[in-house]
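Engineer: Chains as they are written, first to last, in my numbering: chain A, 1 to 190; chain B, 1 to 190.
A few of these clues could be false.
Given that identical chains are not distinguished, each listed pair holds provided it fits within a single copy or across any two copies.
[To be verified] Here are the simulated SDA-like cross-link-like pairs (lysine to any residue), alpha carbons at most 20 Å apart as the crow flies:
#1 LYS106 <-> ARG116
#2 LYS41 <-> ALA110
#3 LYS122 <-> PHE159
#4 LYS125 <-> GLY111
#5 LYS104 <-> THR157
#6 LYS51 <-> GLU117
#7 LYS51 <-> ARG36
#8 LYS51 <-> GLU141
#9 LYS41 <-> GLY138
#10 LYS122 <-> PRO75
#11 LYS122 <-> VAL163
#12 LYS125 <-> THR34
#13 LYS104 <-> ASP68
Keep in mind that the hints were calculated from the coordinates and are not lab data.
Number of protein chains: 2
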Amino acid sequence: MSRWEPNTRERLMRAAVAEFLDRGYESVTVAEITERAGLTKRTFFRHYADKREVLFAGQEILTRLFADSIAAAPPEATPIEAIGAALDATGEEFGPERREWARKVKEVVAGHSDLRERELLKRAKLTAAMAGALRERGVGEPAASLAAEIGGLAFSTGFARWVEPSNERGFGELSRAALAELVAATASLG
Amino acid sequence: MSRWEPNTRERLMRAAVAEFLDRGYESVTVAEITERAGLTKRTFFRHYADKREVLFAGQEILTRLFADSIAAAPPEATPIEAIGAALDATGEEFGPERREWARKVKEVVAGHSDLRERELLKRAKLTAAMAGALRERGVGEPAASLAAEIGGLAFSTGFARWVEPSNERGFGELSRAALAELVAATASLG
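Start from the sequences, fold in the hints, and give me the full structure.
Structural biologist: Right under this line is the structure:
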């Protein structure tokens, strides 16, 4: 991979989402995306398997960030504290520009059931990666899987609040608040 | 739908799984499945969108059973008690013949990443249905989503233990035990 790769990936992502919003996800071809980006189809397919994957490329980076942050938490951190650290690290990556991008992707995904399914699947993979990272820290089962599900819910809830048009708070703060609400709710399940 | 439909669906399911195990999931065509079942392709496509769906048809019935059982639980039942009732109801459906079937499906699914993805997705839909049924009972958020994730984990853990070759215990008992372990684990997350 050349040192220009990240820029190429980003140009393709921006061109794709702009096309999807202008003309509808279904009707846009890879050729139209690459034309808008000023790149070739061959370049596109070096970076993405298909036009759908462009929308979810960020989630793979996120999955790695979560797993790495859980691994890097202090040895004495509880499972919930390790997940909190991962939400903080994600919050540092999620600036205002990223929020604009997330809102656009959300708009495209909301209109298509196969994209919503893809999103569910990526969420399941994020949760599986968190559970794996917790087990690596010596957390047993079913605590690791349970904490990972709580982390996944904190992530989605925080994310949904973060992309709300009226929201001005940061992702780290919102997802930390969601995590605290979930921990409090464990006492109310009977 | 005629009164013979359930039998037709089941014949197609059995023929499909027998073919998949004999000759490999990838290479089997719908024509080969219908030939083995003594039915037409037209009949197949009236019941299933594609050969993959044959493997997951049972999960949609299961999702309805879960949602209905949660709705039917006594009004005073806590979220975890309502989920326990749904696991009991599922246990009554899961007899020894069903276990043989589940083992065969598991063997086919394990060998293909797209089938494993489909399974993750159906799991996500089961969890979403449980959360919806709990909200209908007046359980607030995030408690409803959290209880549903715990129910989903109890289901998968119980299911995995149930299909183990050495297992002789029933699904209801195994999944109830998994639910109790999960509830106990909520205290250990910090």
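Engineer: So, against the hints stated earlier in the document, which numbers end up violated here?
Structural biologist: 2, 8, 9, 10, 12 and 13
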